[in-house]
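Assemble chains X and W onto chain E, guided by the hints.
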Amino acid sequence: MQPGAGNFFEDFRPGQRILHPTPRTITDGDCALYIGLTGARQVLPSAAPVAQALGYRDRPVDDLLLFNVAFGKTVPDISLNAIANLGYADARFVAPCYPGDTIRAESEVIGLRENSNRRSGIVYVRSNAFNQRGDLVLTWARWVMVHKRSADAPAPESVVPSLPQFVPPGELPVPAFLKPSALDPKLTGSVALWDNFGVGERIDHPSGMTLEEADHTLATRLYQNNARVHFDEFAMKRSELGRRLVYGGHVISVCRALAYDGLENAFAIAAINGGSHTNPTFAGDTLYALTEVRDKWPLASRPDLGALRLRLVGLKNLAPPELRAPAATDGKPDPHVVLDLDYTVLMPRRST
Amino acid sequence: MQPGAGNFFEDFRPGQRILHPTPRTITDGDCALYIGLTGARQVLPSAAPVAQALGYRDRPVDDLLLFNVAFGKTVPDISLNAIANLGYADARFVAPCYPGDTIRAESEVIGLRENSNRRSGIVYVRSNAFNQRGDLVLTWARWVMVHKRSADAPAPESVVPSLPQFVPPGELPVPAFLKPSALDPKLTGSVALWDNFGVGERIDHPSGMTLEEADHTLATRLYQNNARVHFDEFAMKRSELGRRLVYGGHVISVCRALAYDGLENAFAIAAINGGSHTNPTFAGDTLYALTEVRDKWPLASRPDLGALRLRLVGLKNLAPPELRAPAATDGKPDPHVVLDLDYTVLMPRRST
Amino acid sequence: MQPGAGNFFEDFRPGQRILHPTPRTITDGDCALYIGLTGARQVLPSAAPVAQALGYRDRPVDDLLLFNVAFGKTVPDISLNAIANLGYADARFVAPCYPGDTIRAESEVIGLRENSNRRSGIVYVRSNAFNQRGDLVLTWARWVMVHKRSADAPAPESVVPSLPQFVPPGELPVPAFLKPSALDPKLTGSVALWDNFGVGERIDHPSGMTLEEADHTLATRLYQNNARVHFDEFAMKRSELGRRLVYGGHVISVCRALAYDGLENAFAIAAINGGSHTNPTFAGDTLYALTEVRDKWPLASRPDLGALRLRLVGLKNLAPPELRAPAATDGKPDPHVVLDLDYTVLMPRRST
Chain E
1 MQPGAGNFFE
11 DFRPGQRILH
21 PTPRTITDGD
31 CALYIGLTGA
41 RQVLPSAAPV
51 AQALGYRDRP
61 VDDLLLFNVA
71 FGKTVPDISL
81 NAIANLGYAD
91 ARFVAPCYPG
101 DTIRAESEVI
111 GLRENSNRRS
121 GIVYVRSNAF
131 NQRGDLVLTW
141 ARWVMVHKRS
151 ADAPAPESVV
161 PSLPQFVPPG
171 ELPVPAFLKP
181 SALDPKLTGS
191 VALWDNFGVG
201 ERIDHPSGMT
211 LEEADHTLAT
221 RLYQNNARVH
231 FDEFAMKRSE
241 LGRRLVYGGH
251 VISVCRALAY
261 DGLENAFAIA
271 AINGGSHTNP
281 TFAGDTLYAL
291 TEVRDKWPLA
301 SRPDLGALRL
311 RLVGLKNLAP
321 PELRAPAATD
331 GKPDPHVVLD
341 LDYTVLMPRR
351 ST
Chain X
1 MQPGAGNFFE
11 DFRPGQRILH
21 PTPRTITDGD
31 CALYIGLTGA
41 RQVLPSAAPV
51 AQALGYRDRP
61 VDDLLLFNVA
71 FGKTVPDISL
81 NAIANLGYAD
91 ARFVAPCYPG
101 DTIRAESEVI
111 GLRENSNRRS
121 GIVYVRSNAF
131 NQRGDLVLTW
141 ARWVMVHKRS
151 ADAPAPESVV
161 PSLPQFVPPG
171 ELPVPAFLKP
181 SALDPKLTGS
191 VALWDNFGVG
201 ERIDHPSGMT
211 LEEADHTLAT
221 RLYQNNARVH
231 FDEFAMKRSE
241 LGRRLVYGGH
251 VISVCRALAY
261 DGLENAFAIA
271 AINGGSHTNP
281 TFAGDTLYAL
291 TEVRDKWPLA
301 SRPDLGALRL
311 RLVGLKNLAP
321 PELRAPAATD
331 GKPDPHVVLD
341 LDYTVLMPRR
351 ST
Chain W
1 MQPGAGNFFE
11 DFRPGQRILH
21 PTPRTITDGD
31 CALYIGLTGA
41 RQVLPSAAPV
51 AQALGYRDRP
61 VDDLLLFNVA
71 FGKTVPDISL
81 NAIANLGYAD
91 ARFVAPCYPG
101 DTIRAESEVI
111 GLRENSNRRS
121 GIVYVRSNAF
131 NQRGDLVLTW
141 ARWVMVHKRS
151 ADAPAPESVV
161 PSLPQFVPPG
171 ELPVPAFLKP
181 SALDPKLTGS
191 VALWDNFGVG
201 ERIDHPSGMT
211 LEEADHTLAT
221 RLYQNNARVH
231 FDEFAMKRSE
241 LGRRLVYGGH
251 VISVCRALAY
261 DGLENAFAIA
271 AINGGSHTNP
281 TFAGDTLYAL
291 TEVRDKWPLA
301 SRPDLGALRL
311 RLVGLKNLAP
321 PELRAPAATD
331 GKPDPHVVLD
341 LDYTVLMPRR
351 ST
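Residue numbers (the numbering used here), protein chains in the order written: chain E, 1 to 352; chain X, 1 to 352; chain W, 1 to 352.
Looking at chain E on its own, in the form it has when it is part of the complex:
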């Protein structure tokens, strides 16, 4: 029995449900390594007593560590033969994940569209991650371009799912236990709360982080993501890229960590509304980040808490103040922009 070569475009059918193998217990070990790999200083995954003061049972696992582990579970079935990870939408961080929890993932094919060249197609999936009690902790949609095994395989009927442009404020997952007023500014280093941010505001985060082959591969293996493109220099040398590609989820994690300065009180991610990896990232690139405030919402029956919809732009080899706009007027992304992520965070509101 030869091992599977992963699914090709013609292996997917609308409505198909896939249970992804190898559940994963996330532990303090993963949390420490995540801090080591990203430099994240977000306070909840960093400090158990602070998390407990806010109502959490323990330090929650960093939202993006959870995302990357859950995403990694889907790779062998969904994107082993992917040409490109085209986009994310409607990701909701439904419930906290704690060290010791075991995550499993499943996906449903929600759309298919063959490309006109007949050699590949776009697969849309909705993926869900559950903990060991079967509670949904994270759900997200993504679409990837996947090779066909054979150009002659018949094209499926095109189904393109309708996905929301953003998770509406009324649907943001907000734990009932949350006591955001416990987030003392002395613990995070900033007095800037929800009230202090204005729509349209831009924050140029000061830090930069140079990536190495050893650290992006360490991160991606930690997530048990086995896509060849990240690991196999020997094969990649013969590919169009010419070398190993940094996993996009690691780019998101590093940019979120860089964005700590200026968003210190954005203690949790509630949703990822959309995102794309606009240019490839390679070892040797230095990542920077800037944030634009897209929207701000109070939250019903939570006078102590607000949501900010943010645009997180990841740059390579260009300090944020030198970027005029993430995209030129023709819509083409600036060659320095590697990430354009639309996400929503929770932040305490000033008591009045």
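Rather than coming from a laboratory, the hints here were simulated on the basis of the structure. Each hint should be verified, as a subset may be incorrect.
Copies of one chain are not kept apart here, so a pair can be met inside one copy or by any two copies together.
Dumping the calculated SDA-like pairs for lysine to any residue here, alpha-carbon to alpha-carbon at most 20 Å [stated by the list, open to error]:
1. 237 x 317
2. 237 x 283
3. 186 x 317
4. 186 x 106
5. 186 x 171
6. 296 x 349
7. 179 x 192
8. 237 x 284
9. 186 x 2
10. 237 x 282
11. 148 x 3
12. 186 x 128
13. 186 x 297
14. 179 x 298
15. 186 x 126
Owing to the predicted nature of the structure, the values given are computational and were not obtained by experimental measurement.
Coordinates of chains X and W only, in the frame set by chain E:
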């Protein structure tokens, strides 16, 4: 008092027993880092609930993490002055090791043979690793070529131990608590059980992994293995190798991780029958793996479980399908072959 | 609101107290990664049962892991705009830190002195680290050269604190619970106890460790130290150094790990009396270490325990036996010397 320079060939005598220093508590932290370093997806060390369903008290520590930690303990006494690690035999994974367990190791010299050049000799040792309760968890034999301090030192009487070619099926350690039928194929991603493998079958594992100086040294330091050859580029530049050598145990771990695809239900290693590092591995090399099924055995009074004796061949910079045979007809290993490991795994049998 | 750019020289005033943000829970994950990053074999952080036999509640966190995490907390406020970390003094390891403890840090400005060029000045701080119960676990003084925002800012009155040359033996923190006689030489690999060391003695530690960009940055991110100089190759290429600088705390940690051979029974650091990073360390450098015994003290009412005051010299790209003296007669450090650390360890005494 100057620190010891390690033992030389003439420091060993047959029957000598050595208690190796610095016991090591293995934790969730080591387990996470092991996954990060190897990309291992073997289900038991990955998922506590799956391990518990099979009867384990908790996630067991990955068999090869245990092996590498225990091996590392022996290095300062046995192989600090080794020229080459010549082989392994009769390794038995006697009992599971769990996060929180503390491992100590001891060795007995079971053989000695001076080389004809009188400048070095072969030391054969049987090493045993125990947990904090004094239970044997792992035992193995290995032989190493060790420098003599002085060519004039008298040669000891040659003693070459008789070691089994493989651990016979009747002696394989099989935990009594094991419930292999709990290993749902949906958890591992494959329906291929013991029954599906045929003697002589070959599996070309699809993934490759490029090694970096930073990751093989991180792994080897984690095991507290302090052999200079892996760490000291300044000294190695002046050596015959010209650079740092990747620790063979890391090569084994990476190849076992690569071999997940195609052997998803090989949930535990029962024995390492033999093995050799046929060519050196360096940072920059991309490792691949192929498996040959050497033998298959039912296990007495266990209709739910079988053993497969496997040959795990590690390749560098050559995709497995391009390798005809691990060794040429003259017995010389192919220059791409870096590892030739004979080991035995446990796998569920189909209920009939 | 743009993120803070860190404090400049004129932002500090004598007596100012700063609570550093983002407390940090240190876990088994950090301890494992610390071993992986340094190769440390010190027995207490390695083996829980040994630590417990000596009277500790659990494996203590490695002294220098605690130091580096606590130090990292102070960086955003104290040394983000530092030109150089000039020295340490009077560091006392007051109480053990255990996995699960959460560390927060605060600093008091104890001295200020503008440089004659008026473009920078020296800031002296006393920093204290506390656990989640508010117990002081570590205190230290350091002084850094910090840029001024504006050369025109008025100079503060010069205040240069008086700091002890070393922590006197009567003030060394010694846990009352300590049972050093439980430290069996078989556990550490050496029979050399306090009694065996003589003042003036020099130990050339045999091992060397080559640093990589990926491992020093992994360590420094783990400590949540966000000083740009360690991470941002893109910016550093345009700096005078021309490249990323290895964080001095990582150099200390690696040298302490290298110094295991020859000081196996130096089970805890009681104090850091002083230290300086005499030359920069970069990725690619191979570190070595040598130790000089500066002083040895019995400890009042502890006939089972003594203290050694040691000079730990870190070298790059030069084997210790080739270094005559750490400094030339003119006091200028040898170009191979990167670390000159004066610290005090605890070691069991021979029962008489």
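Do the hints match the structure? See the list:
no.	hint	in the structure
1	237 x 317	between (23 Å within a copy, 11 Å between copies)
2	237 x 283	both (14 Å within a copy, 16 Å between copies)
3	186 x 317	neither (33 Å within a copy, 43 Å between copies)
4	186 x 106	between (41 Å within a copy, 11 Å between copies)
5	186 x 171	neither (31 Å within a copy, 32 Å between copies)
6	296 x 349	within (11 Å within a copy, 57 Å between copies)
7	179 x 192	within (17 Å within a copy, 50 Å between copies)
8	237 x 284	both (16 Å within a copy, 12 Å between copies)
9	186 x 2	between (57 Å within a copy, 18 Å between copies)
10	237 x 282	both (13 Å within a copy, 18 Å between copies)
11	148 x 3	within (18 Å within a copy, 47 Å between copies)
12	186 x 128	between (36 Å within a copy, 16 Å between copies)
13	186 x 297	neither (25 Å within a copy, 42 Å between copies)
14	179 x 298	within (15 Å within a copy, 52 Å between copies)
15	186 x 126	between (40 Å within a copy, 19 Å between copies)
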